[in-house]
Amino acid sequence: MSLVLPLHKIDEKDRPRVGGKAVALAQMSKRGVRVPEAVCITTEAYSEYVKSAGLGNQIVMELYRKPFEEMRWEEIWDTSLRIRNFFSRTPLPPGLRDSIMPAIQSTFSGKVVSVRSSAPGEDSSKTSFAGLHESYVNISGEDAILDHIRLVWASLWSDRALLYRQELGLDVEKSLMAVVVQEMVQGERSGVVFGKSPMDESQAVVEAVYGLNQGLVDGTVEPDRWILNRETGGIISHHPVLRDKALRPAPGGVLLQSLSAGLKSRPPLQEGEVAKVYGLAMKAESLFGVPQDVEWTYKKDVLHSLQARPITAPSVSENDERPWYLSLHRSFDNLKELRTKIEKELIPAMEKEASRLAQRRMSELSDAKLADEMAYRRDIHKKWLDVYKRDCIPFAHGMRLFGQVYNDVMHPKDPFEFMDLLVGARMVSMERNQMLEDMASWIRRDPHLGACLKQNKVEDCDSEFGAAFKTFTEQFGGLTWGNTRFGQDSHGLLQFLLEMASRPSAEGKGKAKEMQTLQEKFLSHFPGDQRPYADEMLDLARASYRFRDDDNTYLGKIEGQWLATLEEGRMRIGKRCEMDTASVEAEQIIKALRDEAETPTACVLPEAGLIEGEFKIKARQLLGQPAGPGIAFGTARVVQDPSDLFQFKTGEVLVCDAVDPNMTFVVPLAAGIVERRGGMLIHGAIIAREYGIPCVTGVADAAKLIRTGDRVTVDGHLGIVIIGEPGLKDAKAA
Amino acid sequence: MRKDLKRLFASQRLAVLATQHGGEPYTSLVAFTARDDLKQLFFATTRATRKYANLTADSRVAMLIDNRSNEATDFRWAMAATAIGKADEIEGHEKEEALKLYLAKHPHLEEFVSSPSCALLRFSVDRYYVASRFQKVIEVRVKP
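These protein sequence lines map, in sequence, to chains A and B. Here the first sequence is numbered in the numbering used here, starting from 50 and rising by one per residue. Here the second sequence is numbered in the numbering used here, starting from 3 and rising by one per residue.
Because the hints were derived from the structure by calculation, they are not lab data. Idealized CB from N, CA, C, for every residue including glycine. Mixed in with the good hints, there may be bad ones.
Only some residues are given here: those of chain A computed to face chain B with a beta carbon under 10 Å [to be verified]: (1) 116; (2) 217; (3) 221; (4) 225; (5) 666; (6) 772.
The whole structure should be built from the sequences, with the hints applied where relevant.
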């Protein structure tokens, strides 16, 4: 058994235990290509670690909690974070540590290193998946090196790898990870050369940046690009960019720095150097037989190769959204830019769009004109949905980035503890909920008002209260969730206020102080010069968390304008066929508005129900994700439209498809939350954590399998929901 | 769900039968088979057994059929169905029909079930509780 192999001892036959990256480095080194000193921690070390720590079973339990097909990307990320936490909290057993340490000490003796993944199968020409696993640069100190080896191991189960599990043949029993620990070359100029351009087979491409390669690879620093003739190496064109930053080593990691004026005006490579870099790709190709992409760096005018792998064009099918998901992983700086864009550009633009649409009248339109207006608003909504997907969803990655940093320094038992540092950020939905709470306490203070409201119209009771009520419906009435608008039912809203007023006012759980302590503990891990970075990271994460709610609120206003026309259209078609058309597809409504003959096709009720043959299927206990700790017992209220929401009673369990920020105002009344949509960083989970309410997310078919009136137990520790008979009541006490 | 149950029943030869006497629960392994409509399960026992005595005194029984492999992965992959209902002995034509089904699955038990001392029991299922992925439990009502 070899746990550690130096490069010169590695050859082709070792591929299964050292991975493609290590084999490529070893072969280049043997053939005279300058590569950094390195050792490989073989897959046998991974196996021994996982076996001794009993991690295999834990990974199985996490990974197969739900069928992958039923998991959303967010849930896959959550799963991956939990698995990563097992690795980061489980130290190497002493025997294994003693076997690995001497080789690391003698090879690097105090030098700074990179710790890179080298998964067997990862870089074979059949399945080349760059960037599915983690690599870390600028690591110093023996313990830090060992810590990062474990993090690279954990990345065998990264969210990206899990998405490509089928292509990778990912299997808990069989999949293994090797790690290359490599002396860090602190290059001044770095980049990647593609021996064959993925765009044009007759060309080769050289990309170069100032500073470390990491900046180019994670997309933080835009590279200068040279297109070459693949046969001759002759430069066809040079595409300079606006150079202004470089990623450079800093204590414990890397730092983005501004370039000096001199460097800004000079391309990172001179023509002769471009040729040398090209030569590197050709040499690698002659070694390995197929075109390679090689990461390189220039240190003091000496060219080093950092890694090489075969080029494969990823097979992209049109319906494969995974590349989009991969693009969500943004660097810190990338996220900062995105934040500015969302705050300064997108949110104001969304507000403007919504109020512009609100001014367009529709009641006096003819049916055909209404159909046009519907199509117009639908397209505008679609446009903003795309913007949302392109810019706002990626920004949510700010929370995730922070979560990893937090877990790496704090090693918390609960991998989602970092969320406690994010709550309390002021969200627009909170503002609305506060307005509701204010009106409720108004009624609470003034029993006459309450009594009057139960009998009469709002404006007949108290003009001041009436004005507040009106302001509220004006400000938030256009909001939506699902297919309905908030302001459709002002009577229901009033009933709800009376219900709110009938129980004592909800106070926050006094988390503010806890949060302060936690924050200080977290920040204390960052010595002086890193402190600003940590502060900024936390600030970004909070913005990311807040926008998660806010941007949705603004998008909701635009959606509301689209749904208002849909509502009008449905009403008109409903009159024609004398039925409730609430569930008829929008496209069908548009067709029927334009063409009378389409009416019968629109007037068909969809079937529902869960009866299989003659058997009656009923859920007894459902499995989801533990998204808010605690146990709650209560009567289920399945919320599908606003009337369900307004009937919500204190102490009920909120069951829904997805907690939308626009419906969170009932949350303070709820004993527990059950939601079909899964994830730890979604609104339901966030708001439940905020109010300290037990919450289970990701329960498949929750709103179908649970019915209003069912007695349910929400176990937010284990992520299960028990649909209970009286005997199960005791679960609450347990 | 019906398909899952059929697959499970086809994959297993043995089930755990639960009976009781005077409030004392008692479990035994039995070779079983299921009717295609899943409304009835059949198993055989000699009349001298404790389980036979128990279920003739109280026909309320339960049966557990599962596909565990005794590995940690069972917590994610294994499925277990608990059937609740009543068992009674069958005779005559009905027994002949049931035996065909039973012996198709357990041909090596021909001698056993042919013995005059052996009874064939019909388990009329009231409902199933089907557990999968460790904690997901679905109730399937067979009887209206």
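So, going through the hints one by one against the coordinates:
1. 116: At 8 Å from the nearest chain B Cβ, residue 116 of chain A passes the 10 Å test, so the hint holds.
2. 217: 19 Å, violated
3. 221: Interface hint status for residue 221 of chain A: holds (8 Å vs cutoff 10 Å).
4. 225: Result: violated, 18 Å to nearest chain B Cβ.
5. 666: 6 Å, holds
6. 772: Because about 9 Å separates residue 772 of chain A from the closest Cβ in chain B, which is inside the 10 Å limit, the hint holds.
Hints 2 and 4 from the list above are not met by this structure, while the remaining hints are.
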